[in-house]
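Colleague: Work out the full structure, taking the sequences as your base and the hints as a guide.
Line by line, the protein sequences are chains F and B. Take 15 as the starting number for the first sequence in the numbering used here and just add one per residue. Take 15 as the starting number for the second sequence in the numbering used here and just add one per residue.
Warning: the hint list may mix true and false statements.
When chains are identical, the list treats them as one kind, so a pair holds in a single copy or across two.
[Claimed, not checked] List of simulated lysine to any residue pairs, SDA-like, C-alpha gap at most 20 Å:
| no. | residue 1 | residue 2 |
| --- | --- | --- |
| 1 | Lys-56 | Arg-128 |
| 2 | Lys-90 | Ala-304 |
| 3 | Lys-305 | Leu-334 |
| 4 | Lys-211 | Ile-229 |
| 5 | Lys-90 | Leu-69 |
| 6 | Lys-211 | Val-29 |
| 7 | Lys-273 | Asp-338 |
| 8 | Lys-57 | Ser-41 |
| 9 | Lys-211 | Ser-193 |
| 10 | Lys-293 | Glu-107 |
| 11 | Lys-293 | Gly-271 |
| 12 | Lys-57 | Asp-122 |
| 13 | Lys-49 | Ser-193 |
No wet-lab data here; the hints were simulated from the structure. Here the structure is a predicted model, which means the values were calculated and not measured.
Protein chains: 2
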Amino acid sequence: MVTLKDIAREAGVSVMTVSRVVNGQLSKVSEENIKKIQEIIKKRGYVPNSTARSLSSKSSNIISVIVQGDGNEFKKSLYNATMVGEIVPYVQERGYYLMLHFITNYDDITQRLRTWNARGAIFIGTFDYDVQKIQQDNSIPLVFTDSYSHVRQIINVGIDDYKGGVLAAKHFIEKGHRSFAYVGEYMESSVVQQRLKGFKDTLEAHGFSLRSDHILDGYIIKDTAKAICSFKEPVTAIFASSDTLAVSLISDLRDLGKKVPDDYSIIGFDGFPLGSLIKPRLTTIYQDVAKKARIAADIVFRHIEDPSSPAESIVLDVQLVERDSVKTIET
Amino acid sequence: MVTLKDIAREAGVSVMTVSRVVNGQLSKVSEENIKKIQEIIKKRGYVPNSTARSLSSKSSNIISVIVQGDGNEFKKSLYNATMVGEIVPYVQERGYYLMLHFITNYDDITQRLRTWNARGAIFIGTFDYDVQKIQQDNSIPLVFTDSYSHVRQIINVGIDDYKGGVLAAKHFIEKGHRSFAYVGEYMESSVVQQRLKGFKDTLEAHGFSLRSDHILDGYIIKDTAKAICSFKEPVTAIFASSDTLAVSLISDLRDLGKKVPDDYSIIGFDGFPLGSLIKPRLTTIYQDVAKKARIAADIVFRHIEDPSSPAESIVLDVQLVERDSVKTIET
DNA sequence: CTGAAAGCGCTTACAG
DNA sequence: CTGAAAGCGCTTACAG
Numbered sequence: 015m016v017t018l019k020d021i022a023r024e025a026g027v028s029v030m031t032v033s034r035v036v037n038g039q040l041s042k043v044s045e046e047n048i049k050k051i052q053e054i055i056k057k058r059g060y061v062p063n064s065t066a067r068s069l070s071s072k073s074s075n076i077i078s079v080i081v082q083g084d085g086n087e088f089k090k091s092l093y094n095a096t097m098v099g100e101i102v103p104y105v106q107e108r109g110y111y112l113m114l115h116f117i118t119n120y121d122d123i124t125q126r127l128r129t130w131n132a133r134g135a136i137f138i139g140t141f142d143y144d145v146q147k148i149q150q151d152n153s154i155p156l157v158f159t160d161s162y163s164h165v166r167q168i169i170n171v172g173i174d175d176y177k178g179g180v181l182a183a184k185h186f187i188e189k190g191h192r193s194f195a196y197v198g199e200y201m202e203s204s205v206v207q208q209r210l211k212g213f214k215d216t217l218e219a220h221g222f223s224l225r226s227d228h229i230l231d232g233y234i235i236k237d238t239a240k241a242i243c244s245f246k247e248p249v250t251a252i253f254a255s256s257d258t259l260a261v262s263l264i265s266d267l268r269d270l271g272k273k274v275p276d277d278y279s280i281i282g283f284d285g286f287p288l289g290s291l292i293k294p295r296l297t298t299i300y301q302d303v304a305k306k307a308r309i310a311a312d313i314v315f316r317h318i319e320d321p322s323s324p325a326e327s328i329v330l331d332v333q334l335v336e337r338d339s340v341k342t343i344e345t
Numbered sequence: 015m016v017t018l019k020d021i022a023r024e025a026g027v028s029v030m031t032v033s034r035v036v037n038g039q040l041s042k043v044s045e046e047n048i049k050k051i052q053e054i055i056k057k058r059g060y061v062p063n064s065t066a067r068s069l070s071s072k073s074s075n076i077i078s079v080i081v082q083g084d085g086n087e088f089k090k091s092l093y094n095a096t097m098v099g100e101i102v103p104y105v106q107e108r109g110y111y112l113m114l115h116f117i118t119n120y121d122d123i124t125q126r127l128r129t130w131n132a133r134g135a136i137f138i139g140t141f142d143y144d145v146q147k148i149q150q151d152n153s154i155p156l157v158f159t160d161s162y163s164h165v166r167q168i169i170n171v172g173i174d175d176y177k178g179g180v181l182a183a184k185h186f187i188e189k190g191h192r193s194f195a196y197v198g199e200y201m202e203s204s205v206v207q208q209r210l211k212g213f214k215d216t217l218e219a220h221g222f223s224l225r226s227d228h229i230l231d232g233y234i235i236k237d238t239a240k241a242i243c244s245f246k247e248p249v250t251a252i253f254a255s256s257d258t259l260a261v262s263l264i265s266d267l268r269d270l271g272k273k274v275p276d277d278y279s280i281i282g283f284d285g286f287p288l289g290s291l292i293k294p295r296l297t298t299i300y301q302d303v304a305k306k307a308r309i310a311a312d313i314v315f316r317h318i319e320d321p322s323s324p325a326e327s328i329v330l331d332v333q334l335v336e337r338d339s340v341k342t343i344e345t
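Modeller: Rendered as structure tokens:
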């Protein structure tokens, strides 16, 4: 392994001079030495040792991406892949490295961040309850996404989940629907709850209701489609908390001999390309996942460069994308 | 930050004794000290500094996952997400950390591996040509997936892509099809080429042919569906190199007023859940992506524990999953 | 513009 | 079972 010392010896200078060249502090080194050193570095294939660098500077150029869960969700939907896929190049462009962690136990977070002296962290998924503890234990920039923690000084990039629910409800109502159901996955997550709340509040504001037994947890109930088909009070409109869920539901309903949107109308959430590939094309609430990821990464770097930057909470808009999965009912 | 030294001082022992406890070398420390030290560690919330550890031991517990491309492919299909989602928990269970790299320039690989003293690496995607160079430059275990490099000592976990093509061809022929097309994405990748080769060879062995202008690169041709519909010599059977591609194709054909499988029959590749959610349910060549990921991770750790382990090349089987996207043509 | 010294927090390799 | 010493490859903080 080639070290600074090796380069220094060969160039006839001290390690400090080589260190300055490696770190781009070129104004502090003579042109002659810069050139000589750069040539030797190239010739020898010198790669700086990041572990040594981190140890002595007490900080690393590692950004940790902390994903909630054991990976099951990661493999199932494109949401996490889109987030991570967007963040990685962003991090790399800035000369940083990305560590990926799956977290099922909050206590692991601080340990994983500290052991590598991570410079910043981006959280993907639901980390509502322990945000405060995580923040107390870590002094590096922590950017949450989709968090509904009530901690005041939190940096978060989220979307208007509530509005998503509102838009879905309004759309169903406009199309003449009068009976509704909500299907959520990971029902305990605030995101899923907010979408539900926006949906329910809006229905009620218009004089309709969402029966509590029409709110289904797709994670608990094995066959959501069957449950919906056997409602005592039948429904025509179903709002699903994700496109993935909506697409599965459409498929399951079809297997039960039901047609979408003729028997059941469905609105999804996310706006992934998938939704426009299926038949009927899925009406959905669109969120800009890539933008969310990019903003989260931006904020991390802003706070790394200027730790005094204020905590900011960003809420991205959502919009209804009307396609073919909601039928118009004449009233 | 709490260090070994702090713990040692508080326990009234040397850093070495603490170090032994931290590293689980409990047989070398008195029970009394073990207990005392463990309590202090817990009380102080001591977290070992991995950068210091790596520097002094000249090795780290980092596994690098190297993904080919700039992330575009990562965000588009569940393939990479499934691979990564499977590998992460596996790596974490063993007390290792995972770094994720997107690579568009081969030269970056060695630099990224070396700078962190990575202990091993798993490659996802096409790394055919530079395998030899990568191997020469790095002495840690390198596990490739889906590589068709001819380097002899390569560790690779792949699938029988050729057989996938064979199965698709046979199925089409059995169902009475006589005219064929192949749609591939990233046509330059060996994986896509092998699937094509198995398909073409089998067609020819049965007295049929695959015209070269019926081989389309989905990455280059904007509207593959339209191209297929305007073939001078029409086809009835289309083999797509991935499920994602097949699903898009079905959607595009539908937009052109064509029906699957009535006008065109389609076979995909991968066997993702998605394929059984759409209508018609997609007939496809199934590969066990999760298994591929797990085996790749297993091999990395086997070679870390025993560097003298022989290079092994594993080829997983594939199978045809018959669903509804291939029509029977009476002959 | 240059460099000598100290130190980051561990582990390795000994000695006892 | 225990510990003192040296060193991993850098950076920080000075001094000149």
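Colleague: A separate judgement is required for each hint: does it hold in the structure or not?
Modeller: Here's how the hints hold up against the structure:
| no. | hint | verdict |
| --- | --- | --- |
| 1 | Lys-56 <-> Arg-128 | between (33 Å within a copy, 15 Å between copies) |
| 2 | Lys-90 <-> Ala-304 | both (18 Å within a copy, 12 Å between copies) |
| 3 | Lys-305 <-> Leu-334 | within (17 Å within a copy, 39 Å between copies) |
| 4 | Lys-211 <-> Ile-229 | within (11 Å within a copy, 51 Å between copies) |
| 5 | Lys-90 <-> Leu-69 | neither (38 Å within a copy, 38 Å between copies) |
| 6 | Lys-211 <-> Val-29 | neither (62 Å within a copy, 55 Å between copies) |
| 7 | Lys-273 <-> Asp-338 | both (12 Å within a copy, 18 Å between copies) |
| 8 | Lys-57 <-> Ser-41 | neither (23 Å within a copy, 47 Å between copies) |
| 9 | Lys-211 <-> Ser-193 | within (16 Å within a copy, 54 Å between copies) |
| 10 | Lys-293 <-> Glu-107 | neither (39 Å within a copy, 41 Å between copies) |
| 11 | Lys-293 <-> Gly-271 | both (15 Å within a copy, 13 Å between copies) |
| 12 | Lys-57 <-> Asp-122 | between (42 Å within a copy, 16 Å between copies) |
| 13 | Lys-49 <-> Ser-193 | neither (75 Å within a copy, 63 Å between copies) |
In summary, the structure is inconsistent with hints 5, 6, 8, 10 and 13 from the numbered list given earlier, while agreeing with the others.
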